[in-house]
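Chains as they are written, first to last, in the numbering used here: chain D, 1 to 116; chain Z, 1001 to 1112.
Quick caveat, the hints were computed from the structure, so don't treat them as lab data. Treat the hints loosely; a few may be bogus.
When the alpha-carbon atoms are kept at most 30 Å apart in a straight line, the in silico DSSO-like pairs for lysine-lysine are as follows [unchecked claim]: (1) Z/1104 to Z/1051; (2) Z/1107 to Z/1051; (3) Z/1104 to D/71; (4) D/27 to Z/1036; (5) Z/1051 to D/62; (6) Z/1070 to D/71; (7) Z/1070 to Z/1051; (8) Z/1070 to D/44; (9) Z/1051 to D/44; (10) D/51 to Z/1107; (11) D/27 to Z/1051; (12) Z/1036 to Z/1107; (13) D/71 to D/27; (14) D/51 to D/27; (15) D/62 to Z/1104; (16) Z/1104 to Z/1070.
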Amino acid sequence: NAGVMQNPRHLVRRRGQEARLRCSPMKGHSHVYWYRQLPEEGLKFMVYLQKENIIDESGMPKERFSAEFPKEGPSILRIQQVVRGDSAAYFCASSLTGTGGYTEAFFGQGTRLTVV
Amino acid sequence: GQQLNQSPQSMFIQEGEDVSMNCTSSSIFNTWLWYKQDPGEGPVLLIALYKAGELTSNGRLTAQFGITRKDSFLNISASIPSDVGIYFCAGTPQGGSEKLVFGKGTKLTVNP
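Starting from the given sequences, assemble the full structure and let the hints guide the process.
Quick look at the structure:
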């Protein structure tokens, strides 16, 4: 999973600030997924993107959260006006094709967001 | 929504013992995957299962995709201290969804 690069590894924000989390998929992968993990919990799906398209955002909160995967550059998960409840580990995964088929998703090391 | 019930929640075993954990669901899944997560790291894929009834091994790990497509188990034989970590099952639900649904994890502690 070292091939999926996330930065920063740790991010501290004050309530009301914006958080930007970046994910560079593995080379050749055009499918990106974002997951959120609370302490002592499993990962919860947030959004699935392909280049320049949001395919499934059924796990994204309706407000303050947005994601993009531009033609050039990393995928960005943006959280506006952060609140303490946004504190969590955010993981990005990438795959060669969609994981509904015979392919595997590889995860990055995550960004641990702390809202103070 | 689809949920995966993973058990046990935690296990404390002696080095050399075998371990078994499982996941069940009330709905059908097209794929089952088992991941291991170390503290401060992302999940690492251990075994992927794509067909009902499939039994797959990876070293000391063995996993099976249940015939009903609603369950899977993971066995670890002859545990060693580096097996410590949290093991997650995950799957893609029937219906063409691309997202992975995760269980809540099994925390494994191995005493030397």
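Verification of the supplied hints:
Restraint check for residue 1104 of chain Z and residue 1051 of chain Z: the C-alpha separation of about 23 Å stays at or below 30 Å, so the hint holds. For the proposed pair residue 1107 of chain Z and residue 1051 of chain Z, the alpha carbon gap of about 27 Å is at most 30 Å, so the pair holds. A C-alpha spacing of about 34 Å is found between residue 1104 of chain Z and residue 71 of chain D, which places the hinted pair above 30 Å, so the restraint is violated. Straight-line distance between C-alpha atoms of residue 27 of chain D and residue 1036 of chain Z comes to about 23 Å, which keeps the hinted pair within the 30 Å bound.
Restraint check for residue 1051 of chain Z and residue 62 of chain D: the C-alpha separation of about 35 Å exceeds 30 Å, so the hint is violated. Taking the CA atoms of residue 1070 of chain Z and residue 71 of chain D, the gap is about 38 Å. The hint is violated against a cut of 30 Å. Using a Cα cut-off of 30 Å, the hinted pair residue 1070 of chain Z and residue 1051 of chain Z holds, with the two alpha carbons roughly 12 Å apart. About 19 Å separates the Cα atoms of residue 1070 of chain Z and residue 44 of chain D, which keeps this hinted pair within 30 Å; it holds.
Taken as a hint, the residue 1051 of chain Z and residue 44 of chain D pair is honoured in the structure, with Cα atoms around 24 Å apart against an allowance of 30 Å. At most 30 Å may separate the alpha-carbon atoms for a hinted pair to count; residue 51 of chain D and residue 1107 of chain Z exceed this at roughly 36 Å. Straight-line distance between C-alpha atoms of residue 27 of chain D and residue 1051 of chain Z comes to about 28 Å, which keeps the hinted pair within the 30 Å bound. At most 30 Å may separate the alpha-carbon atoms for a hinted pair to count; residue 1036 of chain Z and residue 1107 of chain Z meet this at roughly 10 Å.
Note on residue 71 of chain D and residue 27 of chain D: the hinted pairing holds, with a Cα-Cα distance of about 14 Å set against a maximum of 30 Å. Proposed proximity of residue 51 of chain D and residue 27 of chain D is supported: the alpha carbons are some 13 Å apart, at most 30 Å. Proximity of residue 62 of chain D to residue 1104 of chain Z is assessed by CA-CA distance (about 24 Å); at most 30 Å being required, the pair is judged to hold. This hinted pair checks out: residue 1104 of chain Z and residue 1070 of chain Z have alpha carbons roughly 16 Å apart, not beyond 30 Å.
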